[in-house]
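Participant: Assemble chain B onto chain A, guided by the hints.
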Amino acid sequence: MTEPVIVAEGLTKVYKMGDVEVHALRGLSLTIDRGEIVAIVGPSGSGKSTLMNILGCLDLPTAGEYILDGERVSALKDDQLADIRNRKVGFVFQSFNLLSRQTALSNVELPLRYAGLTSGRKDRARQALTAVGLEDRMTHRPYELSGGQQQRVAIARALVNDPAIIMADEPTGNLDSKVGQEIMDLLLNLNKERGTTLIIVTHDPKVAAQTQRVIHIRDGVVDTETEA
Amino acid sequence: MSLAQIIIESLESLNSNKLRSGLTILGIVIGVAAVIAMLAIGQGAQDTITGEISGIGTNLLFVFSGNNQANVRNVRPLTMSDAEALRDPFAAPSVENVAPVLQRNGVSVSSSAEQSNATVTGVTAAYETVRNYAVAEGNFITEEHNLGRASVVLLGPELAEKLFGRSQGLVGETVRIQGQPFRVIGVLQSRGGGAFGSEDNVAIIPISTARARIINRPGERVDVIFVQAVSADVVPQAAEEIAQILRTRHRTEVGLDDFTVLTQQDFLQVAASITGVFTTFLGGIAAISLLVGGIGIMNIMLVSVAERTREIGLRKALGARRRDILVQFLTESSLLSLIGGLVGIILGWLIAMAVGQFAAASGTPFDPSVSLSAVLLATVFSTAIGLFFGIYPANRAAALEPVEALRYE
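These protein sequences, in sequence, are chains A and B. Going letter by letter, the first sequence gives residues 1 to 228 in the working numbering. Going letter by letter, the second sequence gives residues 1 to 409 in the working numbering.
Just so you know, the hints here were simulated from the structure itself, not pulled from any lab data. For glycine and all other residues, C-beta sits at the position ideal for the given N, C-alpha and C. Do not take every clue at face value.
[What the hints assert, rightly or not] Here are the in silico distance ranges between beta carbons for each label pair:
(1) A:N189 with B:N17: 55 to 61 Å
(2) A:K192 with B:E12: 33 to 39 Å
(3) A:Q80 with B:I288: 43 to 49 Å
[Unchecked claim] Computed footprint of chain B on chain A; a stretch qualifies when at least three of its residues, placed anywhere within it, have a C-beta under 8 Å from a C-beta of chain B:
(4) 99-113
(5) 179-186
Bound conformation, chain A alone (with noise of 0.2 Å):
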């Protein structure tokens, strides 16, 4: 399979504070096939948060093409980037990022019930929990769950809407290692099984090290890339 999810072609993102202009990217371009599992390192500073967010379709660049999944990402508007976050991208923050008053199930529900859908919210949430191993944790709240458990919670929540993407941020970051262990396995399993995209955004070597390709970001730009 060889079919690009992700095709960036000189992205450029230029942010003004105050009077100086900060280029966080500078034609950075890059692809990514269907079902790859990508890591995207670089020093603080690199750009590196930037890319992420345009390629979540958290932000628009300044400059340059950015096609997901076949869609042309630059060219659309506020709403339009929410549907398409909404129906093809999944995120894993470093802090879980779950609301803590509402339970496992409807935290996991959250993304249909944006995507408009009426019926079978429950059902599939409850698959999403199944498949990251906490089908007899779906009633409790965020406070109630472990660091882990809470991470794959945001996993289910992750993958609920089947997206053609799973963007981790740090998705270990939090988590000591051998939760991060387990952690890193559910993604690269769920890989395995269902094929999904994952492009994960880490200062950790040993999570690089489990990815097929890592992608060097300095200044703004690729800096070099190593395969697997």
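Facilitator: Okay, now just chain B, sitting in the frame of chain A:
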């Protein structure tokens, strides 16, 4: 997301900070309760006043000397012969009966034991039917009493109670009015408080006696002429007939009547406009507190948006559109004010009832009425306040950039 889902989520979110939500709701509760209570009390006051005016009698007219509507010089006073002329069945076919009256307030009346002040009214025999008085014991003033300037008196029950400590078995007793002895020939039935003060603290004597001995007026003057129309329907005709007769007798110029004929309708209109102003005034003040409550909602919603910036960012990352966030926060603010409105309606109703009980306990029959329109108005208005004051914070939440919001600590 379905509306039910949004409402459940909003309630959960409000529930997660009970004290804060409660205090915000309290602001609206106080505002709505004040509006409801004030409108109810105003309405009750209006009902009471119009009820009392209606109690005067629907076919009663009042004729006074003087005219506020026009600048009239050389006002001729009303006299006994004016009253006599109104009784003419050909010139005034709509008039049933005429009762001229002399009246003075705060006249000293005493028994052998007690002394008190009362309203002394000099009347003719017709007064009983025209004003619809009933006698509890004894008899009313007769024509003979008037012809003979008899020193006889009927006591109101309140006055009788003050002077004798009872209101029965008083016929034959003697009271002194301004020091002059009068024989009690009867006691009136209680009429309660009226539009013109208590009608029970009165002493009724023959008009001729009053003129000669108590209320000195030059000539044949009278203070008021009460006129009873044949029926309530012909009150306007009666008023016109009375005016025609008096114009002829007083030789007034056109449009320069030197007397005033008032009907119950006139009093009702005046009373309604006064209580209307009163109610609007009270309601307006109460509405200000509702406005303050609305500002409280806006304040709390702004705090809530700031606190939940990360949550908003996350929701946006998961696919929430501007509209979703907007609706979520607007629902929260509207729920705050709607709950406040509902509680406020109940509280306002209780306050109005309490005021009614209090008034009843102190002897004024007064029934505050919470009207359906006031309840609807308060509900709609409080929800609208929640929406209005929620728009700005909700817009701020909806306009947040997902990247910025997610990074927010």
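Participant: Determine for every hint whether it applies to the structure shown.
Facilitator: Results for each hint:
In this structure, A:N189 and B:N17 break the distance hint of 55 to 61 Å, their C-beta atoms being roughly 40 Å apart. The given range of 33 to 39 Å is respected by A:K192 and B:E12, whose C-beta atoms sit roughly 37 Å from each other. Distance hint for A:Q80 and B:I288: a CB-CB separation of about 45 Å, consistent with the stated range 43 to 49 Å. Given a C-beta distance limit of less than 8 Å, the hint that chain B covers the region 99-113 of chain A holds, as 6 residues qualify and 3 suffice.
For the region 179-186 of chain A, the assignment as covered by chain B is violated, since 0 residues bring a beta-carbon within under 8 Å of that chain's beta-carbons and 3 are needed.
Comparing the model with each numbered hint stated earlier shows that hints 1 and 5 do not hold.
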